[in-house]
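Enquirer: Quick note: the working numbering has the sequence shown finishing at residue 203, numbered continuously throughout.
These are computed hints drawn from the structure, not numbers from a lab.
Possibly wrong hints are sitting among the right ones.
Stated by the list, open to error - Distance ranges between label pairs, derived from CB positions:
1) Val188 / Gly143: 22 to 32 Å
2) Gly130 / Ala109: 37 to 47 Å
3) Val163 / Ala109: 18 to 28 Å
4) Glu107 / Ala127: 34 to 44 Å
5) Gln113 / Glu157: 31 to 41 Å
6) Val163 / Glu110: 34 to 44 Å
Using N, Cα and C, we set each Cβ at its ideal position, and we do this for glycine too.
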Amino acid sequence: MEPAEAIQQLDLVVGRITGAEAHAGARGPSALVLLGLGKRGESQTPVPVSLEIAESLVGRQVVCVIGSDDVVVLMAQSHDGPVVVQPAQEVEDGTPVA
106 MEPAEAIQQL DLVVGRITGA EAHAGARGPS ALVLLGLGKR GESQTPVPVS LEIAESLVGR
166 QVVCVIGSDD VVVLMAQSHD GPVVVQPAQE VEDGTPVA
């Protein structure tokens, strides 16, 4: 399968971080973020950042991968740590990413 085809198989959507809380039992920096996914409802998922950073993301839109059992927030790894992937402009929560 070509890389472009593989990406098209993913269910990518824009969600909004609506809350953050401590991720008890995590092995390193990690917080749970609450996500609003438009008509798809809400979800909760861990992200590899401190609670302080996660709380600073509340209200921001992010790109997510929707799986059968979970949701993953896409992040790029910079020299300063993880950076969330965000749309360049505001769109409706739950909007598919092509």
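Enquirer: Work down the list of hints and note, for each, if the structure agrees.
Expert: Evaluation of the provided hints:
1. Val188 / Gly143: 22 to 32 Å: holds (23 Å)
2. Gly130 / Ala109: 37 to 47 Å: At 38 Å between Cβs, range holds.
3. Val163 / Ala109: 18 to 28 Å: violated (33 Å)
4. Glu107 / Ala127: 34 to 44 Å: 41 Å Cβ-Cβ, so the 34 to 44 Å window holds.
5. Gln113 / Glu157: 31 to 41 Å: holds (36 Å)
6. Val163 / Glu110: 34 to 44 Å: holds (35 Å)
Hint check: a violation occurs at hint 3 only; the rest are consistent with the structure.
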